[in-house]
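Novice: Generate coordinates for the entire structure from the input sequences, incorporating the hints supplied.
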Amino acid sequence: MRPEYTTCYVRFHEERCTGCAECLKVCPTRAIRIRNRTSIRLVDLCIGCGACIRACAAGAISAATRPPQQIGNGHVAIALVSPVLYAQFPTAMPKDVLLGLRHMGFRHTIDMSIFLEMFQFAAAEFIRRNRETGEAPWPLISPVCPAVVRLIAFQFPALLAHVLPVLRPVALMAREVKERIIPSYEAQGRQVALYYLNPCPTMEQERFGPDGTPLRHPEISIGINDLYPDLNQRIDTILTEVPPFSETHFEYETCATANAALVAMSGGEIASMRIEKSMAVHGLRDTVAYLQKIEMGLFQEVEYFEFRTCREGCLGGVLSAVDKYMARSNVQRMLHLHGLGRRVPGNTILRLYDKGRFKPDKSPLTLTRFFGDRKPALSLEQMVRIEKILDTVAGWGCGACGAPDCPTFAEDVVRGEAELGDCQWLHPSRPCMKATPDEPGRSSPESGL
Amino acid sequence: MASLKKFFFIKARDFVHAGEASIHIQSLLKSMHWDPVLIRRVAICSYEGEMNVVIHGGDGVLNLSIENDRLIIEIIDDGPGIQDISLAMQPGYSTASDEAREMGFGAGMGLPNMKKNADDIQIESEPGIRTRASMTFLLESPKETP
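Those sequence lines, one after another, are chains X and R. If you count the first sequence from 1, you need to add 219 to reach our numbering. If you count the second sequence from 1, you need to add 1403 to reach our numbering.
Please note that the accuracy of each hint is not assured.
[Said to hold, decoys possible] To give a feel for the contact side, a few chain R residues facing chain X, derived at Cβ under 7 Å:
{"id": "1", "residue": "L1407"}
{"id": "2", "residue": "A1421"}
{"id": "3", "residue": "H1427"}
{"id": "4", "residue": "M1435"}
{"id": "5", "residue": "R1443"}
[What the hints assert, rightly or not] Computed spacing ranges between beta-carbons, pair by pair:
{"id": "6", "chain 1": "X", "residue 1": "Q519", "chain 2": "R", "residue 2": "E1470", "range": "45 to 55 Å"}
{"id": "7", "chain 1": "X", "residue 1": "R634", "chain 2": "R", "residue 2": "V1464", "range": "22 to 32 Å"}
{"id": "8", "chain 1": "R", "residue 1": "S1430", "chain 2": "X", "residue 2": "R399", "range": "40 to 50 Å"}
{"id": "9", "chain 1": "R", "residue 1": "M1492", "chain 2": "X", "residue 2": "Q551", "range": "45 to 55 Å"}
{"id": "10", "chain 1": "R", "residue 1": "A1405", "chain 2": "X", "residue 2": "P579", "range": "36 to 46 Å"}
Since the hints were made in silico from the structure, they are not lab data. Heads up, the beta-carbon is just placed ideally off N, CA and C, and yes, glycines get one too.
Specialist: Right, dumping it as structure tokens:
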């Protein structure tokens, strides 16, 4: 048997599992199995897309994020705010949301707009230069959605070279905090904690350093849904009463435009980038379909693909508090009220670009070390056996055996991790149905294979 | 010697399902941990082959055969056939319908792409009767990038 996989992105609560098999089918890496009817197992790598959390009606799967506790107690709390947070509130403006966070105990609230602006500029610059140098293959793929990059490493390793080699906005944001804010507190001997406020269950593994030791300044992921009730109350207070004085030290601690909120929507990333031909694809199913097409050589005339595994983009993240369509409407209203604006002059970004400040510190190819290491290769003989089993089973993909679909079930049988008798609907024309009438489908028809 | 054989139907003008055989072949090769670059070359060729059947009419079939050291894809269709194979092999030469072109296909790169990515390609055509394209990929291929 293969070792059980653990994941830093989701938690299973077996006692709640009803065995409905919905999670099996949505998992893009087909990593989930249900054994003994209600026992959920992970048998392959999780890329943290959160699709299973969304699919589970019984609440048996949750994100591995934690509810916030004692923010700012004994440490300096810095919030790295995903723009999705702004889209959760129909009446509050981004500045009110950030003020609400400071009332919750965050000493600094880092808004993403400036970093998004720099990322978008740097991305467009790379693409412009790539037209001449041909350094990277077309189409380039946005590195913004981490689940997409992991999906590529896991399932489309040949496309890793297409991932745009520019630092992600959140990485730019974290670097700025580490270079400019943390040192001053360190000089005072104070502990700092970075809180990523996220719509998706994707940041947990970065709590630890590369060698597995805890970071000197802990990095904590909080789901927006866990933060929402408290924050909502504080924002109500801010909007109805005179807000108490609150000072900010850095220009990126507040937000006055709708740029960031726009990026939370599908298509928002490319909307304010100057690229001749780009496409935005959202939702897990379509993301996989388009990656398959790119792998088959299509879309070489497209320069840039924005992929988001969540429907409607990041604001459809599984850890957001309000529904994606309501969040979208909030963003659109914000666009009407504030419009778009630029805060950083192009020359400044260009200078940083030429200094190599946007180069990722590691190539996406290093991801294959974590996500490329998968089940052992199947031999040709095993492939032939799988085809024979597929001729035997019904092929309806019901999931009753605990595997997501029939080909995966057949693969599990050949790998010795499931038994053919686990299939509840063996083909009626096969002798196995008649072999033991008191226990249909439980005898082994393997002899013929 | 073991060999895996499978066949897929390809329906003429069915642009919605075109490419499914290629996706299936891709996933088979991935579970055997073939080299990603080789998988991509196979995918490009089988997709172009499928599209040729879909675009130029005539239903067809794709035969896949995987052996220990090679993979063979044979595509047979009963479409109009190719009048002049050497002309069709030229990049940019296309006889695709306006319908196909409006959908972004038929740029005349199908056969050249197949030739570029396969280790060996054989095309025979009897105009008005049938066309058969057979592509061979070697596991230890001398070819490099798609």
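Novice: Within 45 to 55 Å or not, the Cβ separation of Q519 (chain X) and E1470 (chain R)?
Specialist: violated (31 Å)
Novice: May I ask you to test the interface hint for H1427 (chain R) with respect to chain X, counting a Cβ-Cβ separation under 7 Å as satisfied?
Specialist: For H1427 (chain R), the interface hint is violated, since the closest Cβ of chain X sits about 9 Å away, which is over 7 Å.
Novice: Quick check on the hint: L1407 (chain R) CB to chain X CB, less than 7 Å?
Specialist: This interface hint holds because 5 Å falls under the 7 Å limit.
Novice: Note whether the CB distance of R634 (chain X) and V1464 (chain R) lies within 22 to 32 Å or breaks it.
Specialist: The hint (22 to 32 Å, Cβ to Cβ) holds, given that R634 (chain X) and V1464 (chain R) are roughly 31 Å apart.
Novice: Using the nearest Cβ pair, does R1443 (chain R) come within less than 7 Å of chain X?
Specialist: holds (5 Å)
Novice: Please test the hint of 45 to 55 Å on the beta carbon pair from M1492 (chain R) and Q551 (chain X).
Specialist: Once the Cβ atoms are compared, 51 Å apart, the range 45 to 55 Å for Q551 (chain X) and M1492 (chain R) holds.
Novice: If you take the shortest Cβ to Cβ gap from M1435 (chain R) to chain X, is it below 7 Å?
Specialist: At about 5 Å, which falls below the 7 Å cut-off, the nearest Cβ of chain X leaves the hint on M1435 (chain R) intact, so it holds.
Novice: Just to be sure I understand the hint, the distance between the Cβ atoms of S1430 (chain R) and R399 (chain X) should be within 40 to 50 Å; is that true here?
Specialist: holds (47 Å)
Novice: For the restraint on A1421 (chain R), tell me whether the closest CB of chain X is nearer than 7 Å.
Specialist: violated (10 Å)
Novice: Starting from the range 36 to 46 Å, see whether the pair A1405 (chain R) and P579 (chain X) falls in it by beta-carbon distance.
Specialist: Hint holds: Cβ distance 43 Å, inside 36 to 46 Å.
Hints 2, 3, 6 from the earlier list are contradicted by this structure; the remaining hints agree with it.
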